[in-house]
Structure formats: C-alpha cells, structure tokens
Amino acid sequence: MYRFPKGFYTDVRIEDVFETAISVTNDNLDEKKETEYEAAFIRLFDGNRWFYSSTTNINSIQNEIDKLSEMADINDEILGNQIVKKFQVNEGEFYKFQEDDNVRNIDLNKKFEVISDYFDIVKECEYVKMWKANYVDLNIRKSFFSSKGSKLFFDYQKVGYRISWQLADGDERFDESFDVSANIFESIKNKRDEMKEQLDKSIYFLKNAVNVEPGKYTVVLSPLAAGVFAHESFGHKSESDFMLGDKTMREEWKIGKKVGSDILNIIDDGNLEGNGFVPFDDEGTRAQKTFLIKEGKLAGRLHSVETAVDLNEELTGNARAIDFEFEPIVRMTNTYIKEGDKTFDELISEIDKGILIDTISHGSGMSTFTIAPRIAYYIKNGKIDKPVKISVVTGNVFETLNEIDGLSDKLEILSFTLGGCGKMEQFPLPVGFGGPYVRVRNLNVQ
Amino acid sequence: MNKEIFQIINEEFSIKLANSKISSLRKKDIQKNAFRIYKDGFIGIAGSLGEIDEEFLEKKAVKALDNKIPYPYEITKNQCKTSSIGQDLISDEEFLKKTEELLDRLNKKHTDFTFSNSISKTRSVKFLRNDENTELVSELNYYETGIVFKHKNSKNIIDGFFGDEDIVYDTSRIEKMADMMLDNYNNELDFEDGEYPVVFLTMDTTGPLMKFIRDLHGMIFGTGSSLFSGRIGEKLFSENFTLLQSASYQDYEVIKHFFDNEGTFQENFTIPLIENGVLKRPYTDKKTSEMFDFELTGSADGDFDSVPNLNYETFVVKSSEKTVEEILGNRKAVIIFEASGGDFTPDGKYASPVQLSYLYEGGELIGRLPQLNINSHVYDIYGKDFLGVPKDSILGLRDKDGMVVNMEVSKI
Numbered sequence: 053m054y055r056f057p058k059g060f061y062t063d064v065r066i067e068d069v070f071e072t073a074i075s076v077t078n079d080n081l082d083e084k085k086e087t088e089y090e091a092a093f094i095r096l097f098d099g100n101r102w103f104y105s106s107t108t109n110i111n112s113i114q115n116e117i118d119k120l121s122e123m124a125d126i127n128d129e130i131l132g133n134q135i136v137k138k139f140q141v142n143e144g145e146f147y148k149f150q151e152d153d154n155v156r157n158i159d160l161n162k163k164f165e166v167i168s169d170y171f172d173i174v175k176e177c178e179y180v181k182m183w184k185a186n187y188v189d190l191n192i193r194k195s196f197f198s199s200k201g202s203k204l205f206f207d208y209q210k211v212g213y214r215i216s217w218q219l220a221d222g223d224e225r226f227d228e229s230f231d232v233s234a235n236i237f238e239s240i241k242n243k244r245d246e247m248k249e250q251l252d253k254s255i256y257f258l259k260n261a262v263n264v265e266p267g268k269y270t271v272v273l274s275p276l277a278a279g280v281f282a283h284e285s286f287g288h289k290s291e292s293d294f295m296l297g298d299k300t301m302r303e304e305w306k307i308g309k310k311v312g313s314d315i316l317n318i319i320d321d322g323n324l325e326g327n328g329f330v331p332f333d334d335e336g337t338r339a340q341k342t343f344l345i346k347e348g349k350l351a352g353r354l355h356s357v358e359t360a361v362d363l364n365e366e367l368t369g370n371a372r373a374i375d376f377e378f379e380p381i382v383r384m385t386n387t388y389i390k391e392g393d394k395t396f397d398e399l400i401s402e403i404d405k406g407i408l409i410d411t412i413s414h415g416s417g418m419s420t421f422t423i424a425p426r427i428a429y430y431i432k433n434g435k436i437d438k439p440v441k442i443s444v445v446t447g448n449v450f451e452t453l454n455e456i457d458g459l460s461d462k463l464e465i466l467s468f469t470l471g472g473c474g475k476m477e478q479f480p481l482p483v484g485f486g487g488p489y490v491r492v493r494n495l496n497v498q
Numbered sequence: 112m113n114k115e116i117f118q119i120i121n122e123e124f125s126i127k128l129a130n131s132k133i134s135s136l137r138k139k140d141i142q143k144n145a146f147r148i149y150k151d152g153f154i155g156i157a158g159s160l161g162e163i164d165e166e167f168l169e170k171k172a173v174k175a176l177d178n179k180i181p182y183p184y185e186i187t188k189n190q191c192k193t194s195s196i197g198q199d200l201i202s203d204e205e206f207l208k209k210t211e212e213l214l215d216r217l218n219k220k221h222t223d224f225t226f227s228n229s230i231s232k233t234r235s236v237k238f239l240r241n242d243e244n245t246e247l248v249s250e251l252n253y254y255e256t257g258i259v260f261k262h263k264n265s266k267n268i269i270d271g272f273f274g275d276e277d278i279v280y281d282t283s284r285i286e287k288m289a290d291m292m293l294d295n296y297n298n299e300l301d302f303e304d305g306e307y308p309v310v311f312l313t314m315d316t317t318g319p320l321m322k323f324i325r326d327l328h329g330m331i332f333g334t335g336s337s338l339f340s341g342r343i344g345e346k347l348f349s350e351n352f353t354l355l356q357s358a359s360y361q362d363y364e365v366i367k368h369f370f371d372n373e374g375t376f377q378e379n380f381t382i383p384l385i386e387n388g389v390l391k392r393p394y395t396d397k398k399t400s401e402m403f404d405f406e407l408t409g410s411a412d413g414d415f416d417s418v419p420n421l422n423y424e425t426f427v428v429k430s431s432e433k434t435v436e437e438i439l440g441n442r443k444a445v446i447i448f449e450a451s452g453g454d455f456t457p458d459g460k461y462a463s464p465v466q467l468s469y470l471y472e473g474g475e476l477i478g479r480l481p482q483l484n485i486n487s488h489v490y491d492i493y494g495k496d497f498l499g500v501p502k503d504s505i506l507g508l509r510d511k512d513g514m515v516v517n518m519e520v521s522k523i
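Protein chains in written order, with our numbering: chain A, 53 to 498; chain B, 112 to 523.
Same shape as in the complex, but just chain A (with noise of 0.2 Å):
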C-alpha cells in the first residue's frame, strides 16, 4: 500500500495490459505478437492544481507519489475541498473476464484461425487487389488506489478483427471493410455469410456507383452511420470539461433545453456491452446510464469528477484516459441514439428523393458535422435506387438534431476494431456507438 502524503489528495492507477496483434496482407504474415506490460499513472491535487506522472517503473510509484508532493503545495484543508468530496470511495474486486473468457487465456494460433476463415473470400475476388486481415485484442486489469481509500480492481476488454479490402475494375477504385468487434473471443467466430455479403455490396458499389448531384437532400443513416453522427454530433457537446467555468454554454446548454426533435433520445452508457463498457471509470467512478437527450429535451451530460462539481451535478462515470501515459479527462463510452417506432422499409418509403448512408469511413463534430461515407444509394420515389459516390455529407449539429424525423425500431451498438475516439492529444479511445435506421431531413451532400 502506498503512503498518501498529508494535505493533497492523490491517486494511482495501475494497469497490467495484454494485447495481441496480427497482421496479414495479401497473404503474408505481417505481425503475430501478443505484448504485455506493466505500467502506472499517478495524480497528486493540491486543491489550486494538478499533478500527474506516468511510469513504466511500478516500483517507483511512491517515488513519484513523493517528488509530485514536492512540485505541489500543502493544503492542509484539502479533505474539504469540494471536488476531494465528490470522489467516489469504491472498493473490491470486479474481474468479469475470467478463465476461458479472458484473451489471455486463448492460444495465439487459435486467434489467427478466426481471421484465416476469410481468406478464401478474398483471395478468390478478381476485383480484389490488395486485401489485410487485422485480429486485435486488448486486456486491462485496472487498480485503482486513493487517498480517499478506494481500493479497486476491475477489467476491461476487448477482441476484434477487420478484414479490408481495395477493389480495382479498369479506372474505378475502392476500399471497403469488414469489421467484427466484442467483448468476448466466442462471440466473434464464424462470420463468413456476413463478409461475404459486405464483400459483395462493395464490387456492386465499384461498378455501378454515380457521381452524386450535390445538394441537400434527405438522408438516411445506417445504424454505423447514425452512431457515429450521435457520438460526433452530440455526444463530445456533451462532454462537461468544454463548459468549465464557461457562462454562456451553461446558459446554452441548459438542462431541459429543446435541442431536437420529440422524437430523439440519445444515452451514453459504460454498462452496455461493446468497446465503451466501462464498469468504473479512471478515477474509480462507477459507469452510469446518462441520457444526454430524452425526448428531444437535454437532459443530461458526462462528467468527471471535476466538471461534476463545476456544474454541481452527479457523477457518470465518463473520466477516461486512452492509456498509462495520460490522465483521465471526460469521453463517452458506448453511445447511441434510441430506436424508434417505423421499420426501414417505412423509413424509406416515404421518401421521394434521398440519400441512404450504408457504410462510412470517418467523422467529425464541431459545429459542423461531417460524415465521409463509403457505400452510399440514392433513394427515389420510395426505393433504394443506384450506389452513388459522395466525398461528404455536412450539416449544422444545432439545425440537423431537429431535422430528425424517422427512426426505425432495431437498436446496434457498434465498435470500429481499429481506431476509436479523438480528443486532443488521446487517440485513439475504444468507444462504442450506435442506433437505429435515422432519417434526416435538409443535409448538405457533396
């Protein structure tokens, strides 16, 4: 046990990560590594400022626990302070992927088999010109001590694979994927109707895509599409360290606020199984489910302890850091936007001239939101039409959260297998995302 010096709180989080990373190419073995490491981040809070290490050296920890005592200033109140107050005192074991469930636990060569299993798809495809074959897995065991008395250790994992490929036919290109992404190594086996469906829809895609006649037109999201436009959107305005001591989005962003249309409900959850399940987060906070909007009204946003206190709201459990080597500040975990009451084919039928958004390649959100699809189709008079290609579909986050005016009635939660969430210098975070079908009136597509 660590000896906490007086007058500041401070505390330490060990992680002993496991990871696994194989790589194929067109047929070659590029990587086939599993990595594990110890390593810890510690904090120190003197009630005006914080100060963080991060090593690679667990037995230095009250070293570092002594020199960051040393930058800081003794406060002699501190266990007065109101953000000392507000942390949660959490206490036992939490370990949920145990034996046959843990990544750890699975013969490498077992994990190769589960990505091998696509490679005839692809190598068979002659409009395949390169392919890759990503597995990953990823293994925290988490200990987290404070000077409060937390005294906790819980896990997080998960296990995924993409399989990727570049279409060629004369001058037309193109890149599509396949993604599969869980929590436990079971749940990802045995795929291949699947892939091979995405395979096919890509060459479809390659020799029948149209340019797109730009302009605004109405748009349906796919359950990718539409996670992606709810975590880009909304859920990093919901992000509390953005309004510390900001008057005007705490005027803005006013709990009960119309920001959308009735029927819109987007919940940010680190329970639900995906890459964002988070059962305490890296200051020992237990994960909440947070709606963010209920019925179009704001209702609630993510906080870490800081911010929680700032706004004088409750915890959530959102302060995550992507690794060792930062500290934690406020994300999401798994968010999505809740289903709705039509079917996709509702959905669609009622549209006379629209874009359906099927599979994307990335997003962003500030004002402006973009999405950069992959396969996309036009829809006319009620009917999925030809693949057109787009370089990106635009709108205003303060404008489009009303133009939502269809949703369909089967919830995704999704995960990218590589990549993950931005937030200045962490990158890249494990989030899940999600929803269902989401019609979108007035978007901008270029």
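For the record, the hints were derived by calculation from the structure and aren't laboratory data. Predicted, not measured: the structure shown is a model, and the values here were computed from it. One thing to keep in mind: the hints can contain errors.
[Claimed, not checked] Calculated pairs, DSBU-like style, for lysine-lysine (alpha carbon to alpha carbon, straight line, at most 30 Å):
{"hint": "1", "chain 1": "B", "residue 1": "Lys-138", "chain 2": "A", "residue 2": "Lys-438"}
{"hint": "2", "chain 1": "A", "residue 1": "Lys-119", "chain 2": "B", "residue 2": "Lys-263"}
{"hint": "3", "chain 1": "A", "residue 1": "Lys-475", "chain 2": "B", "residue 2": "Lys-287"}
{"hint": "4", "chain 1": "A", "residue 1": "Lys-441", "chain 2": "B", "residue 2": "Lys-495"}
{"hint": "5", "chain 1": "A", "residue 1": "Lys-309", "chain 2": "B", "residue 2": "Lys-138"}
{"hint": "6", "chain 1": "A", "residue 1": "Lys-241", "chain 2": "B", "residue 2": "Lys-179"}
{"hint": "7", "chain 1": "A", "residue 1": "Lys-119", "chain 2": "B", "residue 2": "Lys-208"}
{"hint": "8", "chain 1": "A", "residue 1": "Lys-310", "chain 2": "B", "residue 2": "Lys-266"}
{"hint": "9", "chain 1": "A", "residue 1": "Lys-175", "chain 2": "B", "residue 2": "Lys-150"}
{"hint": "10", "chain 1": "A", "residue 1": "Lys-306", "chain 2": "B", "residue 2": "Lys-263"}
{"hint": "11", "chain 1": "B", "residue 1": "Lys-143", "chain 2": "A", "residue 2": "Lys-138"}
{"hint": "12", "chain 1": "B", "residue 1": "Lys-522", "chain 2": "A", "residue 2": "Lys-405"}
{"hint": "13", "chain 1": "B", "residue 1": "Lys-132", "chain 2": "A", "residue 2": "Lys-137"}
{"hint": "14", "chain 1": "B", "residue 1": "Lys-522", "chain 2": "A", "residue 2": "Lys-438"}
{"hint": "15", "chain 1": "A", "residue 1": "Lys-309", "chain 2": "B", "residue 2": "Lys-460"}
[To be verified] Now the stretches of chain A that chain B is said to cover, found in silico as 3 or more residues with beta-carbon under 8 Å:
{"hint": "16", "segment": "71-78"}
{"hint": "17", "segment": "101-110"}
{"hint": "18", "segment": "219-227"}
{"hint": "19", "segment": "299-306"}
{"hint": "20", "segment": "432-445"}
All residues carry an ideal CB built from backbone N, CA and C; glycine is no exception.
Could you slot chain B onto chain A? The hints should help.
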C-alpha cells in the same frame, strides 16, 4: 542470425490549460525497448517498457521466431550516424514561468476569449543498433504548443486553434499568431461564392494532401489499387508541384527522427515522391520496395515492438521561386485554419467543409469568413489550379507556411 536493438525514449513535461488557467502539470519518462532476431528469413521481436534487460528480451525474441513471420530482407548494414535537432531544453521552472507569462498576456489582450489545451516540451531519442555494424541515434528536443480558443459568447465547444512546433520556445511568435487570429475574429465578413486562391497552411495531411497518403502507399500502389498505379514517370500534375517526403529540419523545419523503424534514411533526409509534376515513386518500406521493385524511401513505421510496417512520413510541398505577392497579385485569398472531415471519392473528387477561415488581402488578414465548402479534384488541385508554395511567408511567422490552390468556394 542477426540481432538488433530498437529503442524509443520520451521525456516530456506538459502544461495543461483549462478555462484560461494552468490546471495541471504532467511529467513522463518512458522508455520502450525491442529486441529483434533475424534468422532464416524470419523475424522474432520481444518488447518491454522501462530499463532494458537484453538477455531476457533476446530469449523472448528467439521464442517469437516460432511465429514464422517472414522477413527475408537485408537489415541495415554499416551505418553509424548520430543526429540531433534542437539544443538542451529549458528547465521545467523556466518553461512554466514563460507559459504563465504568455497566458497572462493572452488573457489581458484577448478578453473576449478563453484558452485551453496544452503546451509541452519533449526530448525524444530513437536508437537502433545491430550486429551488422549499424548504430543510429536520433535526438529531438522541441516544444509543442496547441492552444484551443473559444469566444466567450460562442455556443460552440471550441472556435479555433493556434499552435507551433519548434526547437525554441518562441512565445512571441505564438502571441503574434494569436493576435492575428483573434484581433480579426470579431470582424465577421460576408462571402460571395466563387473561385478563390485558397491557402492551406503547413504540412497538414488532413486536407487535400490526404489523397497521397492512400494512393502513394507502396502496397496499394504496387497491387494496382491506387489511382496512380502504373504511372511512374508520367507527368500527372503541374510543373510547379513537387511533393517531398522529408525529415529535414534544416531545409523544411520538419521535426522528425531521421531514420525509419528499419534504419533506412535518405541523404539530406529528403526524397521526392512527385517532382515537377512527374510521379517519381510511391513511399515504401523494405517489403514493398523489394516486392514491387520500387525505390526504398524509408517509410517503415509501427509500434516499438512491431514488425516494421509501411506508413507515410512527413509530406512537404516544395516552395516555388515566386513570392506571395507574385502568386496572389491583388486577388483576395481564403486562408484555411480549420477544414476537417472532408475527403476524396475513390476517383479523386474532393470536398470539405471549412470550419474556420479568414480573408487575406494586401498582405494581411482582413476578417473572419463564414463556414464554407471547398470543392475540387485531385488532378485540378495539383494540376491546373495549383498556384504553388510562395518562397516567402504568407502570415509572416515562419519562413514558408502555405500552399495556394484555386478552388470553388461557397458558403455552407
């Protein structure tokens, strides 16, 4: 059998800003080690963090040969070179004091704005040694400033960003950039859609340069799935357009380690990928170079304990012999400070929203423009519409700082 040690050491002191105040200080001292064994055309790698235990890692690397990862390429031989960019960094205390003074000046001058994010100083060492008489050592000492600003009346979470990366901590240059952007921020201009010279600052690969990340990737290029596959030696772009891969601070102010993860480096640390409009070569690592008989450019990247894999290095667009005035004449230009989220279609059409831009006329920023759309095509951007990189500075802060392209620009 050959043995190789690869190490990355990063020492960083970072100052975090929140709500226009210094909120935290962070120290990092991280050493990452890899031991590589090459035997019978295969590679085995073992990695660790912290102090290196060579004997332990060597045993693990030998065991990793069982994974049968092919690596039939010649390792770097007979190369001993040490290079350092930047001098000794200032002390933590002085760095903190200078940052407090900078922040104080920004807060007093620009009372309509709040500032956040971080400023850091970093010492980074990259080391590669093998038993084929190779020892490469690269040390970088630099300061990185990234300040996010927000107007106090704005409903956005952030309104813009200014930053700097250099071997000296020049707070007056950072302040000048802040003054330039913030003094003109409240002057909101109207905008008439049309064709304008558009200026993309720095070597930002989130803008139109992104097309070359994909389509000059050696593997994508070699397998025939690049838009430019099979066209080496052809003049595809403007005579004025030269795209370099560079790690040269001396010539281009690039702060990067001079050798890649396989120990490859270029004479003068620079190699053209496109020269005077002619496609010269894709970027390659040893695998793609040998597989497709392309010239080796030294673009092997990856985690410290990974098999080196291909990734782009810093792209630099070579400057022309023309000044800003000669390129722009008396035309008004759009200077882009934030254009994120855009992309190319597979056949080269480009579109992007522009979140923050300013109108530039007569050698200075005039005012802030509304949010815009820009549209073009890769062959137009670097072809008929490419106006060049001026030999002098557009903003007057660095030696050279922008690429100018004619583009269709419209209000969102």
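To see whether the hints hold, each was checked on the structure:
| no. | hint | result |
| --- | --- | --- |
| 1 | Lys-138(B) to Lys-438(A) | 55 Å, violated |
| 2 | Lys-119(A) to Lys-263(B) | 37 Å, violated |
| 3 | Lys-475(A) to Lys-287(B) | 26 Å, holds |
| 4 | Lys-441(A) to Lys-495(B) | 24 Å, holds |
| 5 | Lys-309(A) to Lys-138(B) | 41 Å, violated |
| 6 | Lys-241(A) to Lys-179(B) | 24 Å, holds |
| 7 | Lys-119(A) to Lys-208(B) | 20 Å, holds |
| 8 | Lys-310(A) to Lys-266(B) | 15 Å, holds |
| 9 | Lys-175(A) to Lys-150(B) | 29 Å, holds |
| 10 | Lys-306(A) to Lys-263(B) | 16 Å, holds |
| 11 | Lys-143(B) to Lys-138(A) | 36 Å, violated |
| 12 | Lys-522(B) to Lys-405(A) | 23 Å, holds |
| 13 | Lys-132(B) to Lys-137(A) | 22 Å, holds |
| 14 | Lys-522(B) to Lys-438(A) | 29 Å, holds |
| 15 | Lys-309(A) to Lys-460(B) | 40 Å, violated |
| 16 | 71-78 | holds (count 4) |
| 17 | 101-110 | holds (count 9) |
| 18 | 219-227 | holds (count 7) |
| 19 | 299-306 | holds (count 4) |
| 20 | 432-445 | holds (count 4) |
Of the hints listed earlier, those the structure fails to meet are numbers 1, 2, 5, 11 and 15, in rising order.
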